[in-house]
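Q: For reference, the chains in residue letters:
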Amino acid sequence: MFEILKRQEMADGTVVLNEISAPLIAKNAKPGQFVILKANETGERIPLTMADTDPKKGTVTIIYQVVGKSTALFKSLNVGERYQDVIGPLGKPTHVEKLGTVVCVGGGTGVAVMHPITRALKEAGNRVIAIIGARTKDLLILEDKMKAASHELHVCTDDGSYGHHGFVTDVLKEALNKEDVKLVVGIGPVPMMKFVSKMTAEYKVKTLVSLNAVMVDGTGMCGCCRVSVGGKTQFACVDGPEFDGHMVDFDELSQRLQSYKEEEARAFASYLKMCKAGQ
Amino acid sequence: MAEKELKKEKIGRQPMPEQKPEIRRRNFDEVPLGYTPELAMKEAERCLQCKKPSCMEGCPVSVEIPAFIQLVKQGEFTKAARKIWERNALPAVCGRVCPQEAQCEGQCIVGKKDQPVAIGNLERFVADYERANGKGELPPKAAPTGKRVAVVGSGPSGLTVAGDLILKGHDVTIFEAFHKPGGVLVYGIPEFRLPKEIVYSEVHFLERLGAKLQCNTVVGKTVSMEELFRQGFDAVYVGVGAGLPSFLNIPGENLIGIYSANEYLTRSNLMKAYLFPEYDTPIAIGKDVVVLGAGNVAMDAARTAMRLGADRVRIVYRRSKDEMPARAAEIHHAGEEGIEFFLLTAPTRFIGDEKGRVRGMECLKMELGEPDSSGRRRPVPIEGSKFQMDCDLAVIAVGAGANPLLTGSTPELKLNKRGYIIAEPATGKTAMKGVWAGGDIVTGQATVILAMGAGRMASDSIHQYLTWGW
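Residue numbers (this note's numbering), protein chains in the order written: chain A, 1 to 279; chain Z, 1001 to 1470.
By construction, these hints were calculated from the structure, which means they are not laboratory data.
Just so you know, not all the hints are guaranteed correct.
[Unchecked claim] Simulated crosslink set (DSS-like; lysine-lysine; CA at most 25 Å straight-line):
#1 LYS75(A) to LYS1386(Z)
#2 LYS92(A) to LYS206(A)
#3 LYS1429(Z) to LYS1168(Z)
#4 LYS98(A) to LYS75(A)
#5 LYS1212(Z) to LYS27(A)
#6 LYS273(A) to LYS1272(Z)
#7 LYS1196(Z) to LYS1113(Z)
#8 LYS1212(Z) to LYS1020(Z)
#9 LYS232(A) to LYS98(A)
#10 LYS1042(Z) to LYS1052(Z)
#11 LYS137(A) to LYS182(A)
#12 LYS198(A) to LYS92(A)
#13 LYS1417(Z) to LYS92(A)
#14 LYS1168(Z) to LYS194(A)
#15 LYS1147(Z) to LYS261(A)
#16 LYS182(A) to LYS204(A)
#17 LYS1135(Z) to LYS1147(Z)
#18 LYS232(A) to LYS1052(Z)
#19 LYS232(A) to LYS1079(Z)
#20 LYS145(A) to LYS27(A)
#21 LYS1020(Z) to LYS1079(Z)
#22 LYS27(A) to LYS57(A)
#23 LYS261(A) to LYS1355(Z)
#24 LYS1141(Z) to LYS1212(Z)
#25 LYS1414(Z) to LYS92(A)
#26 LYS261(A) to LYS1112(Z)
#27 LYS198(A) to LYS1355(Z)
Bound conformation, chain A alone (with noise of 0.2 Å):
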């Protein structure tokens, strides 16, 4: 089991898919859901929602940026060989439901998570505008995918590099201005999460965010991804990872994540350094 059959690098080698066989979840997935990995056995339990899942084939797919060592790991694994563990489908799916008109935005591989979300808000019949950001041109991952999913597709680069020159806040506030927006879904980075969610808590139209706190067991059991959600501690596996945008302390959030911040550099620098001496 956990097998990779397809192994796919973008943005430049920066990110990387997985298309995992792990018949069991693609089976009971649903979009805004996510897998707990391990890639063996002294590895770490990492979270990633699901790009993508294929119940006939018995696959998911995951699409993660190299920011350490356990996703240097995870790059390192060609196709043929396997993750150690793959637990899930966990988390709540997002609440898919025909409201008119959405608008989505995904920032970096926030847009992978988007890309399922996306595709089931317009299967469900919503007229679906799509906003996809990254730093730059050579980071932008699914732009094929993001425009079938959707009815109309914005694209924008901070450097001006491709597409509209700037954040993808700017295009949602054009959207807002001119459309009935009845829901945003705000997918990326936590700055660009608390950016969107306070450009529409102006406009006051409901905004969902997924939250991409640390995790270890993912089911509920420790509480290490506690979010604060207007007021009250919530666990981001089991009672997200979808939270109501305009309800999250996402100050919070940002320090939470930089919990491990000097181990997480130990640890790549020392994989880094054994990487050189392998070679």
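Starting from the known structure of chain A, arrange chain Z on it as the hints suggest.
A: Just chain Z, lined up with the frame of chain A:
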């Protein structure tokens, strides 16, 4: 004859050799070192071989204690192991973590005048001896019945059910949400109290008997209860434990460096964060650690923090030493290792720095008032006693509740108002046909041996159902 009896009385309880406190407080090796065969046989001599053994009444799984001790006395260690297995599939675990003083040893007749026979130490010795020296001979198994049982959760109660039903000839599959089996035995109880290799070897024993183990399967998410029946299981046992951590619900609780005991211990035990960076899971190393709560879990967390390199570890508890729920032996071990007890103290908020890391607590001093519903004297804050206490790591060990992951997706299961499954006390039968439940998901957080006792009763009931249909 008279001379012999006199000699017999002179044998006192044989102490278990253990690592010295000043050494063990900085390593994760097991604290007690175990009996030698000589010590075990000597201790076994102390057993009076009662005709109506009250020790057995104290054992929730009814191990035939005098019979196995008699075999130890004769040096028949393999036979002694076989004797225990008839009633208990996890002797190496039970010998280590059971609160024997409140169970078998608490009922021992010898204990009326002298110290009771060290039943736990002997059980542990037998299991360890068999693991190291046995030929791996398996107990006899009934002919296959063709009935399939799904056991959900591989903690103490689930493993007991699996071990019992496999011997009775049923086809058993254990489903575990984590990537390793054992439940609280692997994520909760630290290596220095229960080496994980021992848990895996007891699980492996069940696998050798024919039980199937499927890890990484979250029943309620990966597969529903309904699907299990569709897949052809004839009965389901739910032993998913009480794994939902309670927090204090005071301001500042989400600061960095504040852990639930579940998280802290899972990182250290299951993920082996104490071996970081050899293992990839990190854990914060506190220098000035406070552990809130005073149960066995709190002792485990405090002793773990000391082993990870803390300068100072304090157990902070709102009642006094007499009300501490932990076993006396655990409190004693913790004290020996330099853990301090800071009693009659309750935190009211956590204080953080500009980076969102915990730096201290604001606390109130307490005094004890009238007994509450639990029979323990209720702590009452002393007015004007507010003070601050520094810390750079806090572990909250104030108990756990029912995790709704499985029960929330299975409406046919009836729950009580605290979210625990309602099951018949004598059988473990739930409101859902073909489904039994036991252990912490029924009783709330209790002990390993009580969960095993619940499993044993449920397995008898499941066996009757599979055999006679009721």
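Q: It remains to establish, for every hint, whether it holds in the given structure.
A: Each hint, compared with the structure:
1. A hinted pair counts as satisfied when its Cα atoms are at most 25 Å apart, and LYS75(A) with LYS1386(Z) does not qualify at roughly 53 Å.
2. Restraint check: the Cα-Cα separation between LYS92(A) and LYS206(A) comes to about 18 Å, which is no more than 25 Å; the hinted pair holds.
3. In summary, the hint linking LYS1429(Z) to LYS1168(Z) is supported, as the alpha carbons are separated by about 19 Å, within the 25 Å threshold.
4. Between LYS98(A) and LYS75(A), the direct Cα distance comes to roughly 38 Å. Violation of the 25 Å bound is thereby established for this hinted pair.
5. Taking the CA atoms of LYS1212(Z) and LYS27(A), the gap is about 22 Å. The hint holds against a cut of 25 Å.
6. For the proposed pair LYS273(A) and LYS1272(Z), the alpha carbon gap of about 22 Å is at most 25 Å, so the pair holds.
7. With a C-alpha separation of about 37 Å, the suggested pair LYS1196(Z) and LYS1113(Z) falls outside the 25 Å cut-off, and the hint is violated.
8. About 40 Å separates the Cα atoms of LYS1212(Z) and LYS1020(Z), which puts this hinted pair outside 25 Å; it is violated.
9. Our distance criterion of 25 Å between C-alpha atoms is broken by LYS232(A) and LYS98(A), whose separation comes to about 29 Å.
10. Distance hint between LYS1042(Z) and LYS1052(Z) is fulfilled; the C-alpha atoms sit about 23 Å from each other, no more than 25 Å.
11. In summary, the hint linking LYS137(A) to LYS182(A) is not supported, as the alpha carbons are separated by about 30 Å, beyond the 25 Å threshold.
12. Distance restraint check for LYS198(A) and LYS92(A): the Cα-Cα separation of roughly 24 Å lies within the 25 Å cut-off, and the hinted pair is therefore satisfied.
13. A distance of roughly 23 Å separates the Cα atoms of LYS1417(Z) and LYS92(A); the hinted pair therefore holds under the 25 Å criterion.
14. The hinted pair formed by LYS1168(Z) and LYS194(A) fails the criterion: a straight-line CA distance of about 58 Å is larger than 25 Å.
15. Pair hint LYS1147(Z) plus LYS261(A) does not hold up; C-alpha atoms about 52 Å apart against a cutoff of 25 Å.
16. Proposed proximity of LYS182(A) and LYS204(A) is supported: the alpha carbons are some 10 Å apart, at most 25 Å.
17. The hinted pair formed by LYS1135(Z) and LYS1147(Z) fails the criterion: a straight-line CA distance of about 30 Å is larger than 25 Å.
18. Distance restraint check for LYS232(A) and LYS1052(Z): the Cα-Cα separation of roughly 56 Å exceeds the 25 Å cut-off, and the hinted pair is therefore not satisfied.
19. The straight-line distance between the Cα atoms of LYS232(A) and LYS1079(Z) is roughly 57 Å, outside the 25 Å bound, and the hint therefore fails.
20. In summary, the hint linking LYS145(A) to LYS27(A) is supported, as the alpha carbons are separated by about 22 Å, within the 25 Å threshold.
21. Between the alpha carbons of LYS1020(Z) and LYS1079(Z) the distance comes to roughly 33 Å, so the proposed pair goes past 25 Å and is violated.
22. Of the supplied pair hints, the one linking LYS27(A) and LYS57(A) holds, its CA atoms being roughly 10 Å apart against a limit of 25 Å.
23. Using a Cα cut-off of 25 Å, the hinted pair LYS261(A) and LYS1355(Z) holds, with the two alpha carbons roughly 12 Å apart.
24. Note on LYS1141(Z) and LYS1212(Z): the hinted pairing holds, with a Cα-Cα distance of about 16 Å set against a maximum of 25 Å.
25. Between LYS1414(Z) and LYS92(A), the direct Cα distance comes to roughly 22 Å. Compliance with the 25 Å bound is thereby established for this hinted pair.
26. Of the pairs offered as hints, the one joining LYS261(A) and LYS1112(Z) is violated, with about 57 Å between alpha carbons and a cut-off of 25 Å exceeded.
27. Taking the CA atoms of LYS198(A) and LYS1355(Z), the gap is about 23 Å. The hint holds against a cut of 25 Å.
Against the hints set out earlier in the document, violations occur for numbers 1, 4, 7, 8, 9, 11, 14, 15, 17, 18, 19, 21 and 26.
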